[in-house]
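Sequence lines, in order, name chains A and B.
Numbered as in the working numbering, the first sequence ends at 255 without a single skipped number.
Numbered as in the working numbering, the second sequence ends at 330 without a single skipped number.
The reader is advised that the hints may include incorrect statements.
To be verified - With a straight-line Cα cutoff of 25 Å, these simulated PhoX-like cross-link-like pairs (lysine-lysine) come out: (1) 292/B <-> 19/A; (2) 200/A <-> 56/A; (3) 238/B <-> 248/A; (4) 224/B <-> 250/A; (5) 238/A <-> 292/B; (6) 201/B <-> 59/A; (7) 223/A <-> 137/B; (8) 292/B <-> 250/A; (9) 238/B <-> 110/A; (10) 137/B <-> 53/A; (11) 124/B <-> 248/A; (12) 238/A <-> 224/B.
None of these hints come from the bench; they were simulated from the model.
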Amino acid sequence: MSGLRVLVGCKRVIDYAVKIRVRPDSLGVVTDGVKHSMNPFDENAIEEAVRMKQKKVVKEIVVASCGPSQSQETIRTALAMGADRGIHVEVPAGTDANLQPLAVAKIFSKLVEKEKPDLVILGKQAIDDDANQTTQLLAGMLDWPQGTMASVVNASDGSLTITREIDGGLEDISVSLPAVISADLRLNEPRYATLPNIMKAKKKKIEKMTPDKLGVDITPRLKILNVVDPPVRQAGDKVPDVTTLVEKLKEKGHL
Amino acid sequence: MMLHTVRRLVSPTLGRFASTLVLVEHDGSAVNPATLNTVTAASRLGGPVHALVAGDACQEAAAAAAKIPGIEKVFVAESDALKGQVAEAVSAVLLDVQSKNNYSHILANGTVFGKNILPRLGAKLDVAPISDIVDVKSENTFVRTIYAGNAVQTLETVDPIKLITVRGTAFEAAEAEGGSASTEAVEVAVDNDKSKWLEAKLSKSDRPELASANIVISGGRGLKNGENFEMLYTLADKMGAAVGASRAAVDAGYVPSDLQVGQTGKMIAPDLYIAVGISGAIQHLAGMKDSKTIVAINKDAEAPIFQVSDYGLVDDLFKAVPEMINSIEG
Chain A
1 MSGLRVLVGC
11 KRVIDYAVKI
21 RVRPDSLGVV
31 TDGVKHSMNP
41 FDENAIEEAV
51 RMKQKKVVKE
61 IVVASCGPSQ
71 SQETIRTALA
81 MGADRGIHVE
91 VPAGTDANLQ
101 PLAVAKIFSK
111 LVEKEKPDLV
121 ILGKQAIDDD
131 ANQTTQLLAG
141 MLDWPQGTMA
151 SVVNASDGSL
161 TITREIDGGL
171 EDISVSLPAV
181 ISADLRLNEP
191 RYATLPNIMK
201 AKKKKIEKMT
211 PDKLGVDITP
221 RLKILNVVDP
231 PVRQAGDKVP
241 DVTTLVEKLK
251 EKGHL
Chain B
1 MMLHTVRRLV
11 SPTLGRFAST
21 LVLVEHDGSA
31 VNPATLNTVT
41 AASRLGGPVH
51 ALVAGDACQE
61 AAAAAAKIPG
71 IEKVFVAESD
81 ALKGQVAEAV
91 SAVLLDVQSK
101 NNYSHILANG
111 TVFGKNILPR
121 LGAKLDVAPI
131 SDIVDVKSEN
141 TFVRTIYAGN
151 AVQTLETVDP
161 IKLITVRGTA
171 FEAAEAEGGS
181 ASTEAVEVAV
191 DNDKSKWLEA
201 KLSKSDRPEL
211 ASANIVISGG
221 RGLKNGENFE
231 MLYTLADKMG
241 AAVGASRAAV
251 DAGYVPSDLQ
261 VGQTGKMIAP
271 DLYIAVGISG
281 AIQHLAGMKD
291 SKTIVAINKD
301 AEAPIFQVSD
311 YGLVDDLFKA
321 VPEMINSIEG
């Protein structure tokens, strides 16, 4: 198998460790001044592409991100991890919260037309919208097979064997290339970008685009009416020992 | 429930009430319990509810689905092309059934099965799928959570066909018996040479299923290794419970991945959740904070899990768990 081209998607999201706050106008969450990072699942996606390149299964990794101007930082991180070049599909800051999976899949569909990759790897879900849809939408649009929740991927002549994490355990499927797969957290352990690689990444090319230029209408189909805090769960009491705990559970009818 | 402001949409469903198709999750012979919760969500929309059972050998599952009250008709699509219920094949059958029946809503479980298949259909129908709803406000307004359950979002869709996956823990389970739906065979003309199901490696257990168990005992990094999970299994057997785990425990290889409870694992809401050696990261809480009673056992008094537990025991789990095992009859 000589050198596949892989297109990997990444998204800039609020860092997973940040405690999010709902906006006072109840239309979203506060993002100004809040730490953002690459979506963790997308790190796994990039890492998988880089490993495939190290194994010489992949010859070129193109990384793309849809978002405001700061998404370029996310692309730079991917380039520092080992992607070869980037594409930034820019949407105005403030509207990016309404950039929904259907629109993103359409954008990627246009990028696929342009870049002609053999494989697209995305993260399973973004930790902000928790949608878990873009891979499936893109695969459906392209009429390519899909391998979602992938925890092991092996490439061999023109196809991939994928182990998926499913509700009852694991499942193996095989898909022919070209295909779209989504990376689960256990697919690999993403590398940290080293300083020399971060410096090298500055020289790598990032092409800029807009949804307009790609001919994609990103008008959201889902109108967010409001965003509020979930019901607060009050902390209960500490119990001094197992005996007390078991008593309490009996009182409640659990035992 | 129809709104007082009926939306006139230019579509084949002009002026119709909601009509819903539920994609049934099954293993060929039994219907997955989460489907019963999805059926409840479907009945909240008003209008007839039909079901689709697709697979390579699914007559038994179809008969079981036909017994669920609330379902009027069960389409049965049985073919070798549907072996393993791969998304490419099932979504093709869904598209076919949709094109002949024009449903306004198509629902599936918010499980790996439902999430894998339904959004692919969104591409074919050019509509925005809606993941993991926890409430139905109207036929086009739904509630779901974002940021690992740390915010609750109410949204309204403008699409004429709604593709929705349902978080089972947010809806009561419909009864499994008492209904008598008609069944109708679907001719399957799926041509899928791009994907193939090879095999499944399912965890076999006599214990209750994690997703639907009344009592769950979960272990975290504090268990230190896979062997130590044995005492949780022993306690679980005494209590008739299922065993779950935090992502840390799965990543460390203590237990298989299907035990993971959390934002990116299973979302559960048992009557009783006992978290053993789990610190309580946001992402884990997302998966269990809707449990009725939460117990935490952790030697770190500052562990975040104690902020959501009803009963917190600050103790060495290697002492506390054996004590619990001994003090419970059974």
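Exercise. Mind listing which of the numbered hints don't hold for this structure, in increasing order?
Key: 4, 6, 9, 10, 11
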